[in-house]
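Residue numbers (the numbering used here), protein chains in the order written: chain A, 1442 to 1683; chain B, 17 to 131.
The set of hints was computed from the structure by calculation and includes no laboratory data. By construction, the Cβ of each residue, glycine as well, lies at the ideal position given by its N, Cα and C atoms. Be aware that one or more of the hints could be misleading.
The calculated lysine to any residue pairs, modelled on SDA-like cross-linking and capped at a C-alpha distance of 25 Å, are [claimed, not checked]:
#1 K1475(A) / V32(B)
#2 K1475(A) / G80(B)
#3 K1475(A) / E93(B)
#4 K1589(A) / V1627(A)
#5 K1475(A) / E34(B)
#6 K1625(A) / I1643(A)
#7 K1589(A) / A1577(A)
#8 K1625(A) / L1641(A)
#9 K1475(A) / D31(B)
#10 K1625(A) / P1648(A)
#11 K1475(A) / P100(B)
#12 K1475(A) / S73(B)
#13 K1475(A) / A1456(A)
#14 K1475(A) / G121(B)
#15 K1475(A) / V1627(A)
#16 K1475(A) / G72(B)
#17 K1475(A) / L1499(A)
#18 K1475(A) / N131(B)
Residues from chain B that face chain A, not an exhaustive set, calculated with beta carbons under 10 Å [claimed, not checked]:
#19 E70
#20 A71
#21 L75
Per label pair, the in silico range of CB-to-CB distance [what the hints assert, rightly or not]:
#22 E104(B) / E1490(A): 22 to 32 Å
#23 L1499(A) / E70(B): 21 to 31 Å
#24 E70(B) / D1576(A): 29 to 39 Å
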Amino acid sequence: MDLAVLEELNAERAARRAAIVVTELGSGRQRLVKAAGIAADPLAEQLAEALRAAKSGLLTLGNERLFLAVEVPAPRLVITGAVHIAQALAPMARLAGLDVAIVDPRTAFATPERFPDVEVHAEWPDVVLPRLGIDAYTAMAALTHDPKIDDPALVEALARGCFYIGALGSRRTHATRLDRLAEKGVPREALARIHAPIGLDIGAASPAEIAVSIIAEIVGELRRRPAADKRASGQASGGQAA
Amino acid sequence: MASGLAGMSTAREDDVLEAAARWRREGRGVALATVVETWGSAPRPVGSHLVIDEAGSFLGSVSGGCVEGAVVAEAAEVIADGAPRLLEFGVADATAWQVGLSCGGRIAVYVEKLN
């Protein structure tokens, strides 16, 4: 691989844009195809499919074997609410390989002391989220119980096609939330993507146990089937939290 | 086998490709190894990277430790002559390679020089 190609690939990754490196295993010839350039590529169909599945793999074309290295952005978890559950969830998510960012405008909560080694933004979601580049490789967990903080984050997560969206609160709280968001113009079918009550139904009681149920639900959404499939089909996401 | 976004790189893999570029910029001879195919149970998914420099330092993993030694050794050759290699490792393939995968799977690893 040429260093220039690798540098270009790393720039795409840093900008959280997907790209595919196509390598002819016989000749060693190689090219970088950015997500935006797939449609114009001779292998448009195959590359689009590989990107949709977010899956690297071999492709045989006549006598030539090609390797498609699909490089998609690292999965990330954005949490609203620098709360007790978040203190347990952030390190768990990091262990599971997700980058973590916490958003909470309440400066007493959003402190580095409470969240060592975690990216903490003591700002309102509508201010900071556009800057964070929320995308299809991002999971959003709304944990504040405060509509002023959680609602804008959920709206942004739905608009950006986050692969997972969960919100803390009882069924009754969530029903009220759905009415509020619908009044703001969010389509009902989009609202069905929100996992609420958040987390797998494992009878979690303590903040740490609730964090376990949330990270398990996120991993399920990440790994069970291609996130892009779900967005394409417009389906509500799989495992329903009870 | 990877499913969903499982084929995607983790944050640590970002570091592998960043390290590869950084090492090369520093003037070190560098090879990049990538898992291109797996059969049966394989410890690391297709697309996983290992970066190796001319001194044998490495970062990342293609097999969780089973065949890294052999890949690092082969990478020295790739860095020396510039020709890419396609290596196959399997537990039943003892004639071709001294090392294998204890999990019983097989993997193919493409090793290329970073120019």
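Evaluated hints:
no., hint, in the structure
1, K1475(A) / V32(B), "20 Å, holds"
2, K1475(A) / G80(B), "29 Å, violated"
3, K1475(A) / E93(B), "31 Å, violated"
4, K1589(A) / V1627(A), "16 Å, holds"
5, K1475(A) / E34(B), "18 Å, holds"
6, K1625(A) / I1643(A), "33 Å, violated"
7, K1589(A) / A1577(A), "24 Å, holds"
8, K1625(A) / L1641(A), "28 Å, violated"
9, K1475(A) / D31(B), "20 Å, holds"
10, K1625(A) / P1648(A), "31 Å, violated"
11, K1475(A) / P100(B), "24 Å, holds"
12, K1475(A) / S73(B), "30 Å, violated"
13, K1475(A) / A1456(A), "12 Å, holds"
14, K1475(A) / G121(B), "32 Å, violated"
15, K1475(A) / V1627(A), "31 Å, violated"
16, K1475(A) / G72(B), "32 Å, violated"
17, K1475(A) / L1499(A), "18 Å, holds"
18, K1475(A) / N131(B), "21 Å, holds"
19, E70, "15 Å, violated"
20, A71, "18 Å, violated"
21, L75, "14 Å, violated"
22, E104(B) / E1490(A): 22 to 32 Å, "26 Å, holds"
23, L1499(A) / E70(B): 21 to 31 Å, "29 Å, holds"
24, E70(B) / D1576(A): 29 to 39 Å, "37 Å, holds"
Of the numbered hints stated above, those contradicted by the structure are hints 2, 3, 6, 8, 10, 12, 14, 15, 16, 19, 20, 21, listed in ascending order.
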